[in-house]
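Protein sequence lines correspond, in order, to chains Y and X. Sequential numbering of the first sequence, starting at 1, is according to the working numbering. Sequential numbering of the second sequence, starting at 1001, is according to the working numbering.
Possibly wrong hints are sitting among the right ones.
Cross-link-like lysine to any residue pairs, in silico, SDA-like; alpha carbons within 20 Å at most [stated by the list, open to error]:
id	chain 1	residue 1	chain 2	residue 2
1	X	1042	Y	11
2	Y	57	X	1003
3	X	1005	Y	42
4	X	1099	Y	81
5	Y	57	X	1101
6	X	1071	X	1022
7	X	1005	Y	30
8	X	1005	Y	41
9	X	1099	Y	41
10	X	1042	Y	88
11	X	1099	Y	19
12	Y	57	X	1096
13	X	1099	Y	50
14	Y	57	X	1022
15	X	1099	Y	11
16	Y	57	X	1094
17	X	1068	X	1094
18	X	1109	X	1079
19	X	1005	Y	105
20	X	1068	Y	7
21	X	1058	Y	99
22	Y	57	Y	96
23	X	1071	Y	50
24	X	1042	Y	3
25	X	1099	Y	30
26	X	1005	Y	59
27	X	1042	Y	50
28	X	1099	Y	26
29	X	1042	Y	102
30	X	1071	Y	7
31	X	1042	Y	108
32	X	1109	Y	42
33	X	1071	X	1049
Keep in mind that the hints were calculated from the coordinates and are not lab data.
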Amino acid sequence: KAGVTQTPRYLIKTRGQQVTLSCSPISGHRSVSWYQQTPGQGLQFLFEYFSETQRNKGNFPGRFSGRQFSNSRSEMNVSTLELGDSALYLCASSLDHFDGYTFGSGTRLTVV
Amino acid sequence: QQQVKQSPQSLIVQKGGISIINCAYENTAFDYFPWYQQFPGKGPALLIAIRPDVSEKKEGRFTISFNKSAKQFSLHIMDSQPGDSATYFCAAVTSGTYKYIFGTGTRLKVLA
């Protein structure tokens, strides 16, 4: 079966711009979570969506937002980009939390 | 209380040796403990997971040992191979939250 697909794979943006990242989960998975991965902070939870509703949110500023569509595809948006937002953004889908996540390969965002 | 402490930060093991990575937690509400393996340029992949009602789970060369009273769990990789060289993350999650708390990761290098 197809895995979790994230687009684009790489992105370079300028400070102050905004960016939208996309994630297509595994078919049938209704839970989609987003993580930020950096060498210094590791994997940090951003938010989780289930059936188009945000169920959980991490400790990130309001510049980070997301949404989920009726087909379970999800997008995350970062507005007013800062240099510190440079990271690998990972999307993960799950059927149930006891099944574990399936991660995508991520979107590498570089803010210059 | 939401942290998961992982050690060591890096590990070098000879081919055929045993790799051991440890994690400790404080929150007794955690009830699912997965381990993820991440290769460069890829998202983390679920390796093996355990629930607190068992003390050990084995899948091939990978074993999780779980000590509920000490609030610790560890990953053992038997007969380590160069192909096991990757970064390993432990995680913990509470029922229904879908919010994984990840350890900081262990970079494993297996020498041929």
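We went through each hint and held it up to the structure:
1. For the hint pairing residue 1042 of chain X with residue 11 of chain Y, the CA-to-CA distance comes to about 16 Å; that is within 20 Å, so the pair holds.
2. Our distance criterion of 20 Å between C-alpha atoms is met by residue 57 of chain Y and residue 1003 of chain X, whose separation comes to about 16 Å.
3. For the hint linking residue 1005 of chain X to residue 42 of chain Y, the alpha-carbon distance of about 12 Å falls within 20 Å, and the restraint holds.
4. A C-alpha spacing of about 25 Å is found between residue 1099 of chain X and residue 81 of chain Y, which places the hinted pair above 20 Å, so the restraint is violated.
5. Distance hint between residue 57 of chain Y and residue 1101 of chain X is fulfilled; the C-alpha atoms sit about 12 Å from each other, no more than 20 Å.
6. The suggested pairing of residue 1071 of chain X with residue 1022 of chain X holds, with an alpha-carbon distance near 11 Å, which does not exceed 20 Å.
7. Between residue 1005 of chain X and residue 30 of chain Y the CA atoms are separated by roughly 30 Å; this puts the pair beyond 20 Å, and the hint is violated.
8. Restraint check for residue 1005 of chain X and residue 41 of chain Y: satisfied, since their Cα atoms lie roughly 13 Å apart, inside the 20 Å limit.
9. In summary, the hint linking residue 1099 of chain X to residue 41 of chain Y is supported, as the alpha carbons are separated by about 16 Å, within the 20 Å threshold.
10. With a C-alpha separation of about 10 Å, the suggested pair residue 1042 of chain X and residue 88 of chain Y falls inside the 20 Å cut-off, and the hint holds.
11. At roughly 24 Å between alpha-carbon atoms, residue 1099 of chain X and residue 19 of chain Y are farther apart than 20 Å, so this suggested pair is violated.
12. About 14 Å separates the Cα atoms of residue 57 of chain Y and residue 1096 of chain X, which keeps this hinted pair within 20 Å; it holds.
13. For the hint linking residue 1099 of chain X to residue 50 of chain Y, the alpha-carbon distance of about 12 Å falls within 20 Å, and the restraint holds.
14. With a C-alpha separation of about 27 Å, the suggested pairing of residue 57 of chain Y with residue 1022 of chain X is violated against the 20 Å cut-off.
15. A threshold of 20 Å between alpha carbons decides the hint, and for residue 1099 of chain X with residue 11 of chain Y the separation of about 26 Å lies outside it, so the pair is violated.
16. Our distance criterion of 20 Å between C-alpha atoms is met by residue 57 of chain Y and residue 1094 of chain X, whose separation comes to about 14 Å.
17. A hinted pair counts as satisfied when its Cα atoms are at most 20 Å apart, and residue 1068 of chain X with residue 1094 of chain X qualifies at roughly 15 Å.
18. Only pairs whose Cα atoms come within 20 Å are accepted, and residue 1109 of chain X paired with residue 1079 of chain X is accepted, the gap being roughly 13 Å.
19. Between residue 1005 of chain X and residue 105 of chain Y the alpha-carbon distance is near 25 Å, which puts this suggested pair outside the 20 Å criterion.
20. For the proposed pair residue 1068 of chain X and residue 7 of chain Y, the alpha carbon gap of about 40 Å is over 20 Å, so the pair is violated.
21. Taking the CA atoms of residue 1058 of chain X and residue 99 of chain Y, the gap is near 17 Å; set against the 20 Å cutoff, the hint holds.
22. Taking the CA atoms of residue 57 of chain Y and residue 96 of chain Y, the gap is near 17 Å; set against the 20 Å cutoff, the hint holds.
23. Annotation: proposed proximity of residue 1071 of chain X to residue 50 of chain Y is violated, straight-line Cα distance about 30 Å (limit 20 Å).
24. A C-alpha spacing of about 12 Å is found between residue 1042 of chain X and residue 3 of chain Y, which places the hinted pair at or below 20 Å, so the restraint holds.
25. Our distance criterion of 20 Å between C-alpha atoms is met by residue 1099 of chain X and residue 30 of chain Y, whose separation comes to about 15 Å.
26. Taking the CA atoms of residue 1005 of chain X and residue 59 of chain Y, the gap is about 19 Å. The hint holds against a cut of 20 Å.
27. A C-alpha spacing of about 24 Å is found between residue 1042 of chain X and residue 50 of chain Y, which places the hinted pair above 20 Å, so the restraint is violated.
28. A hinted pair counts as satisfied when its Cα atoms are at most 20 Å apart, and residue 1099 of chain X with residue 26 of chain Y qualifies at roughly 18 Å.
29. Of the supplied pair hints, the one linking residue 1042 of chain X and residue 102 of chain Y holds, its CA atoms being roughly 12 Å apart against a limit of 20 Å.
30. For the hint pairing residue 1071 of chain X with residue 7 of chain Y, the CA-to-CA distance comes to about 38 Å; that exceeds 20 Å, so the pair is violated.
31. Using a Cα cut-off of 20 Å, the hinted pair residue 1042 of chain X and residue 108 of chain Y holds, with the two alpha carbons roughly 11 Å apart.
32. For the suggested pair residue 1109 of chain X and residue 42 of chain Y, the alpha carbons sit about 19 Å apart, so the restraint of at most 20 Å is met.
33. Of the pairs offered as hints, the one joining residue 1071 of chain X and residue 1049 of chain X holds, with about 15 Å between alpha carbons and a cut-off of 20 Å not exceeded.
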